[in-house]
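S.K.: Sequence:
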Amino acid sequence: MHKLICAVQKYSWGKPGSCSTVAALVKEGHHAAYVDEEKPYAEFWMGVHPNGPAKLVETSEDLSNRIKHHPELVADHENGTLQFLFKVLSVQQALSVQSHPTKEEAAVLHAKDPVHYPDPNHKPEMAIALTDFELLCGFRPAKEIYENLKGAPEVLSLAGGGDDLKSLLDEEPAAKATLKKIFTKIWSSAPEEIAQAVLKFVERIKQEPSSKLNDLIIRLDREYPGGDVGVFAPLLLNYFTLKPGQATFLGPNQPHAYLSGDCIECMACSDNTIRAGLTPKFKDIQTLCSNLTYAMSGPPLFAHTDVAPGTQLYAPPVPEFAVQAVNVS
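Mapping to the working numbering: the sequence shown position 192 is 192, numbers consecutive.
Just so you know, these hints were derived from the structure itself, not from any lab. The model shown is predicted, which means the values in this text are computed figures rather than measured ones. One or more of the hints may lead you astray.
Capping the alpha-carbon separation at 27 Å, the derived lysine-lysine pairs in DSS-like fashion look like this [what the hints assert, rightly or not]: (1) 180 <-> 200; (2) 27 <-> 55; (3) 150 <-> 180; (4) 143 <-> 166; (5) 212 <-> 143.
Construct the entire structure; sequences and hints are all you get.
M.R.: What follows is the structure, encoded as structure tokens:
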């Protein structure tokens, strides 16, 4: 067994200093000389991905290099590396509205734009809550989207007034085609039109009675001011909170955005993300709108299996990883 120094990502959305579970891991494991209370500690990476490789404490050697020269350290199916990336996240404010490509799409995106898509690999991922973990994930049921948009004329104005809104209630695949058309029109609108719609919509709902949905939209506008189209995401995506131990699995081309809380996350070893809102980073709205599945359903909770007393198995339908939780108290 080798002790590791793991990579820490200080993205702006992370929790600051000792408020962060990531910072606590850094401190307890001596992964950095000290914890800076003014800095965000967002992600703790355990793996071999080149954007955040773990190193061996005793030699400072990259874990990937040790495995390459000693493949007996990992199982045969890992093919001389680690096929997964394991993380802890501490989220202070919303991450981007995003999705991840299929393996085939990832190869195409990487070949075309390796700067923004650094891996020719897909990124299915599972999030398991450590605290109450707030997120947007997957498109809401059609009737909820219909009702939310019907009550948001400022948003519908970006989609041509929503003349085809009722088609959301048709059978598939017509309903999916309508959702794709509406979503793409909204997200592809001119920045100045989006900013004006956000301003009008947020100012109006501030005058209305408080609700979970309105409060979240107002909060997102405060976190990402200036007219970010991602402020509209809660109208279309499921908004829910995972309790500690609950999980969700995110397959390819499923829209999502983490909002707050701490979780562990396991995924195929990739750093490919298609972003389309709630971020100052590069946005690829055309690719995201083209690739989404537009499946509509309730919150995508993923159930674990009890395999022994105090032991739960989270086994998603992918070959790269499964997660086992063991209670040692």
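S.K.: Mind checking the alpha carbons of residue 27 and residue 55 for me, to see if they're no more than 27 Å apart?
M.R.: Answer holds: residue 27 to residue 55 is near 16 Å, not above 27 Å.
S.K.: If you draw a straight line from the CA of residue 212 to the CA of residue 143, is it 27 Å or shorter?
M.R.: Since the Cα atoms of residue 212 and residue 143 sit roughly 18 Å apart, the hinted pair holds (cutoff 27 Å).
S.K.: Hint check: residue 180 vs residue 200, CA-CA at most 27 Å. Holds or violated?
M.R.: 24 Å, holds
S.K.: Given the hint that residue 143 pairs with residue 166, test it: the Cα-Cα distance must not exceed 27 Å.
M.R.: Given pair residue 143, residue 166 holds - Cα atoms ~9 Å apart, limit 27 Å.
S.K.: Below or equal to 27 Å on CA atoms is what counts here, so check residue 150 against residue 180.
M.R.: Measuring from Cα to Cα gives roughly 17 Å; hence the hint holds.
Every hint from the earlier list agrees with this structure, and none is contradicted.
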